[in-house]
Amino acid sequence: MSTQIRPAPVRKSIFVNAPQDHAFDVFTTGIGRWWPKTHKIGPADLDRPIIEPRSGGRWYELDVDGTECEIGKIAVWEPPARVVLIWQLTPEFTYDPELITEVEVLFTPEGDGTRVDLEHRDLERMGEKAEAMRETISGPGGWPALLQLYADEAKIQTKGK
Amino acid sequence: MANANRVFAALTDPTRRAVFERLRHGPRAVGEIARGLPVTRPAVSQHLKVLKEAGLVDDRSEGTRRIYQIDPRGLGAMRAWLDQFWDSALSAFAAEVERASKEEKK
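Protein sequence lines, in the order shown, are assigned to chains A and B. Okay, so the first sequence: first residue is 190 according to the working numbering, each after it adds one. Okay, so the second sequence: first residue is 17 according to the working numbering, each after it adds one.
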């Protein structure tokens, strides 16, 4: 017996004190300037993630040794109002071409700045993947890697208090 | 958010993290988990209870023993992790947007 768990999408909103086009540019082509260096896929140190500025473009990480690791794709490219990214990282933080989850980001002018609304959805597909990986989840790069991420996040959260 | 906070709170305690790590290689009974850890068995049970409430581990009875394992779906944990991830990523993004606009104005 298995129950189908459908987790709610992760939704976040943030207001930035900058015009819409600027907010859009920093989020997309400027992603390398703010993406946390701790969140990477390849074994080498992260140089920066790259979002190709077009629908159908690649979203990948470039490592300091020149290696490129896929993160996902660009599904919708509508500057300066909307971008939909395809996140293809599994719960083990590895790339899976068959895993498709969407991250939609909307940029809406508001007062002197821009409201940014982010929604990461279709998370139940990650659940299916996680279930399929039941056998390997305890292997190297699985829970230990995720656990490290947890620990790092927890530290950030504690510091933020 | 409550869920995310519970997951991270559950793993900030080093002993609890050690208990969780013991389950990496498969299901274990409480006695096996406690072996070699510098805490009492009731303390280990207490840590397991917190991990269970956070959705990180699951348990089942096997005769008189209680067997614990990492939640094989990892779904609650994954969502909680993403929730936290986007929080910190968006804060970093907002800081960068504002830093860059200030520089442009100079």
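Worth flagging that the hints you see were computed from the coordinates, not collected in a lab. Hints may contain errors.
As the list claims (entries may be wrong) - Taking lysine to aspartate or glutamate and the EDC-like style, the derived pairs with C-alpha atoms no more than 16 Å apart in a straight line are: (1) LYS201/A to ASP301/A; (2) LYS118/B to ASP103/B; (3) LYS226/A to ASP254/A; (4) LYS201/A to ASP306/A; (5) LYS229/A to ASP210/A; (6) LYS226/A to ASP210/A; (7) LYS226/A to GLU112/B; (8) LYS226/A to ASP75/B; (9) LYS68/B to GLU37/B; (10) LYS226/A to GLU267/A; (11) LYS201/A to ASP75/B; (12) LYS118/B to ASP252/A.
To be verified - Quick partial rundown of chain B residues pointing at chain A, CB under 10 Å, derived from the structure: (13) PRO54; (14) VAL55; (15) SER104; (16) LEU106; (17) ALA110; (18) GLU114.
To be verified - Residues of chain B clear of chain A, computed beta-carbon distances all greater than 10 Å: (19) ALA59; (20) LYS68; (21) GLU112.
Glycine residues also receive a C-beta, built at the ideal position from the N, C-alpha and C atoms.
Comparing the hints with the structure gives:
1. A C-alpha spacing of about 20 Å is found between LYS201/A and ASP301/A, which places the hinted pair above 16 Å, so the restraint is violated.
2. Simply put, LYS118/B and ASP103/B have alpha-carbon atoms about 23 Å apart, too far for the 16 Å limit, and the pair is violated.
3. Restraint check for LYS226/A and ASP254/A: the C-alpha separation of about 15 Å stays at or below 16 Å, so the hint holds.
4. A threshold of 16 Å between alpha carbons decides the hint, and for LYS201/A with ASP306/A the separation of about 6 Å falls inside it, so the pair holds.
5. At most 16 Å may separate the alpha-carbon atoms for a hinted pair to count; LYS229/A and ASP210/A exceed this at roughly 27 Å.
6. Between the alpha carbons of LYS226/A and ASP210/A the distance comes to roughly 25 Å, so the proposed pair goes past 16 Å and is violated.
7. For the given pair, LYS226/A sits about 14 Å from GLU112/B by alpha-carbon distance, which is consistent with the 16 Å threshold.
8. A C-alpha spacing of about 36 Å is found between LYS226/A and ASP75/B, which places the hinted pair above 16 Å, so the restraint is violated.
9. With a CA separation close to 14 Å, the supplied pair LYS68/B and GLU37/B stays within the 16 Å bound.
10. In summary, the hint linking LYS226/A to GLU267/A is not supported, as the alpha carbons are separated by about 27 Å, beyond the 16 Å threshold.
11. For the suggested pair LYS201/A and ASP75/B, the alpha carbons sit about 33 Å apart, so the restraint of at most 16 Å is broken.
12. Our distance criterion of 16 Å between C-alpha atoms is broken by LYS118/B and ASP252/A, whose separation comes to about 29 Å.
13. For PRO54/B, the interface hint is violated, the least distance from its beta-carbon to any beta-carbon of chain A being 20 Å, above 10 Å.
14. A distance limit of 10 Å between C-beta atoms decides the matter here; for VAL55/B the minimum to chain A is near 19 Å, and the interface restraint is violated.
15. Interface restraint check: SER104/B against chain A, minimum CB-CB distance 6 Å, threshold 10 Å, status holds.
16. Below 10 Å, beta-carbon pairs count as interface contacts, and LEU106/B has one with chain A at about 5 Å; its hint therefore holds.
17. Because the closest C-beta pair between ALA110/B and chain A is about 5 Å apart, less than 10 Å, the hint holds.
18. Interface restraint check for GLU114/B: the shortest CB-CB distance to chain A comes to about 5 Å, inside 10 Å, so the restraint holds.
19. With 10 Å as the threshold on Cβ separation, the claim that ALA59/B sits away from chain A holds: the shortest Cβ distance comes to roughly 20 Å.
20. Listed as outside the interface, LYS68/B is consistent with that label: its C-beta sits roughly 16 Å from the nearest C-beta of chain A, beyond the 10 Å cut-off.
21. Residue placement check: GLU112/B does not keep its beta carbon more than 10 Å from all beta carbons of chain A (closest about 4 Å).
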